[in-house]
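Protein sequence lines correspond, in order, to chains A and B. Note that this note's numbering has the first sequence beginning at 8, numbered continuously upward. Note that this note's numbering has the second sequence beginning at 812, numbered continuously upward.
No wet-lab data here; the hints were simulated from the structure. Among these hints, one or two may not hold up.
Subject to a maximum C-alpha distance of 27 Å in a straight line, what follows is the list of computed DSS-like cross-link-like pairs (lysine-lysine) [said to hold, decoys possible]:
{"id": "1", "chain 1": "B", "residue 1": "842", "chain 2": "A", "residue 2": "93"}
{"id": "2", "chain 1": "B", "residue 1": "943", "chain 2": "A", "residue 2": "11"}
{"id": "3", "chain 1": "B", "residue 1": "1207", "chain 2": "B", "residue 2": "1129"}
{"id": "4", "chain 1": "B", "residue 1": "1312", "chain 2": "B", "residue 2": "1218"}
{"id": "5", "chain 1": "B", "residue 1": "1317", "chain 2": "B", "residue 2": "1394"}
{"id": "6", "chain 1": "A", "residue 1": "81", "chain 2": "A", "residue 2": "126"}
{"id": "7", "chain 1": "A", "residue 1": "9", "chain 2": "B", "residue 2": "848"}
{"id": "8", "chain 1": "B", "residue 1": "842", "chain 2": "A", "residue 2": "81"}
{"id": "9", "chain 1": "B", "residue 1": "1232", "chain 2": "B", "residue 2": "1218"}
{"id": "10", "chain 1": "B", "residue 1": "1218", "chain 2": "B", "residue 2": "1129"}
{"id": "11", "chain 1": "A", "residue 1": "81", "chain 2": "B", "residue 2": "1559"}
{"id": "12", "chain 1": "A", "residue 1": "11", "chain 2": "B", "residue 2": "1065"}
{"id": "13", "chain 1": "B", "residue 1": "1559", "chain 2": "B", "residue 2": "1569"}
{"id": "14", "chain 1": "A", "residue 1": "93", "chain 2": "B", "residue 2": "1400"}
{"id": "15", "chain 1": "A", "residue 1": "9", "chain 2": "B", "residue 2": "1312"}
{"id": "16", "chain 1": "B", "residue 1": "943", "chain 2": "B", "residue 2": "848"}
{"id": "17", "chain 1": "B", "residue 1": "1356", "chain 2": "B", "residue 2": "1389"}
{"id": "18", "chain 1": "A", "residue 1": "126", "chain 2": "A", "residue 2": "80"}
{"id": "19", "chain 1": "B", "residue 1": "1381", "chain 2": "B", "residue 2": "1364"}
{"id": "20", "chain 1": "B", "residue 1": "1565", "chain 2": "B", "residue 2": "1439"}
Treat the numbers as computed from the prediction; the structure is a model and nothing was measured.
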Amino acid sequence: MKHKHHVTTTVNGDEVEYLCETDQTLLDCLRDELDLTGAKEGCASGDCGACSVLLDGRLVCACLVLGVEANGKKVETIEGMAQGEKLHPLQRKFLEHAALQCGICTPGVLVAAKSLLEKNPNPTETEVRYWLAGNLCRCTGYDKIIRAVMDAAAEMRGA
Amino acid sequence: MQERVKSPKFDIVGTRPVRPDGADKVTGRAKYGADHKVAGQLVGKVLRSPHAHARIRSIDVSAAAALPGVKAIVTREDFKDQPSEFVPAGEMLINYRDVVRNVMAREKVLFEGHPVAAVAAISDTVARTALKLIKVEYEVLPHVIDVVEAMKPDAPLVEETMITAGIVPPPTKPSNVAKRVEFTLGDVEKGFKDAELVVEREFTTQPVHQGYIEPHACVGSVSEDGTAELWTTTQGHWVARAHCARLLGWDINKLRVTSSEIGGGFGGKTVVYLEPIALALSAKSRRPVKMVMSREEVFKASGPTSGAHVWVKMGVKKDGTITAGEAVLKYQAGCFQGSPVQPGCMCAFAPYDLANVKVVGYDVLSNRPKVAAYRAPGGPISEYAVESVVDEIAEKLGMCPIELRLKNAAKEGTKAAYGPKFGPVGMVECLEAAKGSPHWNGPLGKNQGRGIAAGFWFNIGGETTVNLQLNEDGTLTLMAGTPDIGGLRASLAMMAAEELKIPYEKVRPIIGDTATLGYNFVTGGSRSTFSSGLATVEAARSIIKQACGRAAKLWEIPEDAVTWDNGEIKPAGDNAGKFKPMKLADIAKVAGKTGGALVGVGAISAQGAAPSFGVHIADTEVDPGTGKVTVTRYTVIQDAGIAIHPAYVEGQFQGGAAQGIGWALNEEYIYDDKGRLQNAGFLDYRIPVASDLPMIETIIVEVPNPRHPYGVRGIGETAIVPPMAALNAAVRRASGVRMFELPLSPPKVLKAMKEAGKA
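Just chain B, same shape as in the assembly:
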């Protein structure tokens, strides 16, 4: 069942047209990262560390360089060191000291798979042979993988001189804790004193990978004059350009980056891995260099998200009023600082209107790949822990988990612990929709249980540029710069068509490269439909204004005597009715005679992103003989603001839920005692397959965002937040055991059931 709570008041927004890039994607025509080929291209390959932690004593490339067919080799010597400082890159703060070390190891290798050298050769075979000829002398060092171990005073230090930031006075000894953050609201001590029930629990989650099906891939080509082209699969080609130019010491305008079609990203393609290496190899060989990661490399050397340890304490009155919430989050950052612990802190208690909150977060280094953003980065971990405690409170109070949440739900005016006061938000509406849903009121079978959990993501705006050209025949070409990962072109074309009152098919949306359009921050933070939508509307309104100006010129009346009326340009006021109304197509025909092409530009830093709340209902069946958890029914209820293209909104809900189900039930990074990843492939790192899942029902709740002309809220990320707690609650009801660790894999569930006498 696909349900929508309200119907929209627009002509095109809210309908379900076929996406403009659809035909290319069902025929194999669309070109992804690895599908690009340039005459004379070389094959680039990376030599990676076999050790989790080691000092690099020496690298000898002489034998590899002498191999016929090898055209270039790069190591740490080919990348200038960068100072340790946080500088803005788009909306992010980037420490290029770490970025350069992540791209190519310098003093030490910090995780298994860390790049040590790279070659460009005339064939795959030659490149592979060359890698074997590179001699690296390592001094193997003790390593640390687990977050709690890494925080112990005697833990091996990933970075020998790192002093924890955010503690006053600063510690005198270095540690693996990069940063401590704290968010407080009210007085938790007082809140706990007022409580009639206090629940305090600890949770562990494992790192999980974004699992995009398309590995990282790029082609870099540097010309003799120093200008360069980069084709890459990325969530943000302007950000990729900034990183590459910085690491290579180039002027930004020398490098033109084209984003290929992107085969999934989920946050993991917001960073650069291969791109600076391909460009450096091309700069040395002056040949185009193509690089493609293997799946093993993707798992070992591109960012998963953090595994974590979370402590939660919540106090509540007997009537269900939550009096205090406190949490301590310890997130793995991987080998460089920058785990998503801060957003984890922001999200932890955000679904609730609480007077007393305290959340402390630690960003902790270990000998793992540096984490990358993964859909609502940080949120799913802290909210899994908090929502699991909320579920336990409901059980202990004998209250319906929806009623408990309704009693405490965040609403307009709620002050979040991380600062802002919410505008109109849909938490209550989602809970009400859940309460009335067929799923919540449906039957359950033997060994089955039903769980529910809420989720929150704040969403972002940011730098965005859209160009809209009115073509000679009245059609429009829309150029956006946020890569389209799941239907963005469709929703932008719909908003442009709605605004300009022309058919959807008359707008052709494309994704521009970095030389053809102003700056765009990444597709991420659930921002692309929101931000590029705002820029599209601004560009469309500019076209309307320009068209009215042209009509004024033709009619020889003042510009302010011309109005736009539902797709028609009309003389107004004293001149009303004196001239025949014109359409955009009429203006397009006379553009040359009235001043040249009509081009609308929306170049903005999008403000007013509004949070999206969601509620998931999960039914599971737990096999008492094996501990296997099967999802038997699943419903996603989420506030979309207004759904521009409801089918792709549902798709985001369903996809987020499926990723969360994988996180909850199967997925984890497994290391051996030497810090080597044991399951770097899709056979052993098991993401959900079609036969693992039921249909995923959706209910689109629409509480419009007042700060967007079509009411859009970002919706891509919230959907991955609730599944872990919803399934945890469902497993509790189905099996009688309450779990505090992910994934809920059969051995763990069975062990817990046996210990509780339930198996």
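Chain A extracted, bound-state conformation:
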């Protein structure tokens, strides 16, 4: 039997380690080795965005990253978004706006939206739509998602 790779990485601020196969994706490592199932697999081909996470601050589809590539890097997932009992403004606005129905795309959308607002605190509706074009939602028609992101952005700007 081949030896697995020993990976040491930081997930949501905590140093963690796992063993993985060469061909195992970061998404599988998060879900199967670390039991962090917030990132979802919708397609395994980078088309749906349900597995969106940040890798060293960059928005990626965890299904397109190998588990070994996370070695020595910082991974941020949906599980790290709320601080204690305090939801992130995006999470709160998603609830207030009813911006989720089934909720399967929600973790990916939230991670992607957070990444947008870090780069661009005052996006236009068009900018939000294009940034989130890689996050498929089949339930909402995106209307309430876009409104929630715009509203959260406004609140975070103190507007």
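Chain B: place on chain A using the hints.
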């Protein structure tokens, strides 16, 4: 803009509280189908047919079975054959002869992706290797994909002995036509004679997939004593339990099914695919078996809805009165009978009050995956065709398409061609709201056009159970059994709180499993808020009655001398004012001393579901250089009865519209000449993304359903019905061409524009 036509008269119903399952769903905590893990679980994988149609000569699993780490293999040998008969399963009629063959191929494979064998192994890698070691010998047969081709006399037969049902006398030769259905009202021949204008058109639509983002997934675990647990993402765990128990020959109570959070279903998760296989693999290995479909498997082997060919003929007087409507619907069923052609027939002309209607439907087999329900199954196809003809009639008469529809609109007392007389319905109200809307009266730019179309879905009720427990501190736990796909917990908690006059936050709604609650039919047919709402109200009223009984006991007065008055339990009649009124929380504290726990049960077969009509307005811009259609503005107007939680009602309107926009503009199944699907992924099967759509404006029309205590109508399905015709009409106005085929993809629109000299 989010608009509501009337304001409600309730305290909680009609407000917009945060959903009870919300925090779990924005933090990644909520557990969906693939998020469940059991100690010692194996990985289950399915070997699927590479052919569209082939006889299975042999299956040799010996090499796979010998691979270290393989713990179980199942094939057709492991599922007992089932007789061909339609038996009730909940509200559906199920032919288990077909269900068992859909789960695992027997004599033949009938579509690319049809399961042939499955393995359970200690890892993904071992399971994949094992699949490659299974040797299947096929005799490849001619196949048929297209519905019109499949109906030809010399077409390859999907099922060699099938005789069309519904024709008298029955045909002597087998064909791919499983069934013919017909609905008639009045006399269409006479109606056409009375007409001053007749329009007759043919339409083609392609199969489209529900496109839920969460693939099918489950974990099955069979114990040494034969009891079993199943965790699965499903729209109905009682129905899943019935199917699995039947296919495996088990007593129903041996199997306990828990529904995970569900990542979208839209009808597609009302059937079983992986579940019986996972349980069969677990029964063989006595280890838990987890199975998850890939996206490719979802597209190739779970149900899309039918593609179809539809012929429509309508006659009208010059003043706009429709004198007759006739249609022939040919729907693809996939490889087993059961397309939604019957509901397609029912819906076709339902938005109109017509004297003369004839609709004939054919349910047609082909070498495609068996279709599954998809949001208003059947309705969007027939109504797209009829509404497109209505739009053409308006154009030819020079009439406003809203005025033409108002002149013929279904209303209270209208007799539908499929039988019932409508009670109060909101078709006229929706049209009036559309006429007065800012959108209908707003400006249009260059190369832009505006279209409008109506839609109808009948909605269902059905078997439903809800338990409501009054806890010791006066809070309540509500257990429902219709999986919550888009805010159901919120609306049930709101109705319970409204009924019991307690704060919304004091009701905690959960979804029970099949061992903890009585039978529930699926979340589908736009029934869950309606039916589980009715059961919730019944359970709440039982709690009130029991609480009044307890107070009577305490006060030592007759039960009928106690009343419930807006949240307070009071002595009445001669005893009025003699005792201090009690609240539910007061009764809860003394439950133990007065007879034990207070538990309300609503176990019903919900009756009185009322139809929902809707009207959509679409603006499109058509690029004369490329034929690309862009939706520039969109409004949904629909009758919700009463909106319990208006934000989730709007969400259903918007989501249905977005799915319809995808159906109209992009989505289709593309096959090669060998019957293999060419676009089994989200890159090539393109569902709308955020940058494809504008905001979707909504107007909630409220014509209460008199048969529901809060006036609820199902609203989830109607919203997918109008978009295809609304966009078709908008494209006509924007480009000058009238299209008769979906999707309205750039090459097709451009070709039509060039032929018409418009590009």
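Hint by hint, here is what the structure shows:
1. Note on residue 842 of chain B and residue 93 of chain A: the hinted pairing holds, with a Cα-Cα distance of about 21 Å set against a maximum of 27 Å.
2. Proximity of residue 943 of chain B to residue 11 of chain A is assessed by CA-CA distance (about 23 Å); at most 27 Å being required, the pair is judged to hold.
3. Between residue 1207 of chain B and residue 1129 of chain B the alpha-carbon distance is near 10 Å, which keeps this suggested pair within the 27 Å criterion.
4. The suggested pairing of residue 1312 of chain B with residue 1218 of chain B is violated, with an alpha-carbon distance near 44 Å, which exceeds 27 Å.
5. Proposed proximity of residue 1317 of chain B and residue 1394 of chain B is supported: the alpha carbons are some 14 Å apart, at most 27 Å.
6. Annotation: proposed proximity of residue 81 of chain A to residue 126 of chain A holds, straight-line Cα distance about 18 Å (limit 27 Å).
7. Between residue 9 of chain A and residue 848 of chain B, the direct Cα distance comes to roughly 25 Å. Compliance with the 27 Å bound is thereby established for this hinted pair.
8. Of the pairs offered as hints, the one joining residue 842 of chain B and residue 81 of chain A holds, with about 25 Å between alpha carbons and a cut-off of 27 Å not exceeded.
9. Of the pairs offered as hints, the one joining residue 1232 of chain B and residue 1218 of chain B holds, with about 18 Å between alpha carbons and a cut-off of 27 Å not exceeded.
10. About 12 Å separates the Cα atoms of residue 1218 of chain B and residue 1129 of chain B, which keeps this hinted pair within 27 Å; it holds.
11. For a cut-off of 27 Å, the pair hint linking residue 81 of chain A to residue 1559 of chain B is broken: about 48 Å separates their Cα positions.
12. Proximity of residue 11 of chain A to residue 1065 of chain B is assessed by CA-CA distance (about 40 Å); at most 27 Å being required, the pair is judged violated.
13. Only pairs whose Cα atoms come within 27 Å are accepted, and residue 1559 of chain B paired with residue 1569 of chain B is accepted, the gap being roughly 13 Å.
14. Between the alpha carbons of residue 93 of chain A and residue 1400 of chain B the distance comes to roughly 33 Å, so the proposed pair goes past 27 Å and is violated.
15. With a C-alpha separation of about 64 Å, the suggested pair residue 9 of chain A and residue 1312 of chain B falls outside the 27 Å cut-off, and the hint is violated.
16. Taking the CA atoms of residue 943 of chain B and residue 848 of chain B, the gap is about 26 Å. The hint holds against a cut of 27 Å.
17. A threshold of 27 Å between alpha carbons decides the hint, and for residue 1356 of chain B with residue 1389 of chain B the separation of about 20 Å falls inside it, so the pair holds.
18. With a CA separation close to 20 Å, the supplied pair residue 126 of chain A and residue 80 of chain A stays within the 27 Å bound.
19. Proximity of residue 1381 of chain B to residue 1364 of chain B is assessed by CA-CA distance (about 13 Å); at most 27 Å being required, the pair is judged to hold.
20. Annotation: proposed proximity of residue 1565 of chain B to residue 1439 of chain B holds, straight-line Cα distance about 13 Å (limit 27 Å).
Comparing the model with each earlier hint shows violations of hints 4, 11, 12, 14, 15; every other hint is respected.
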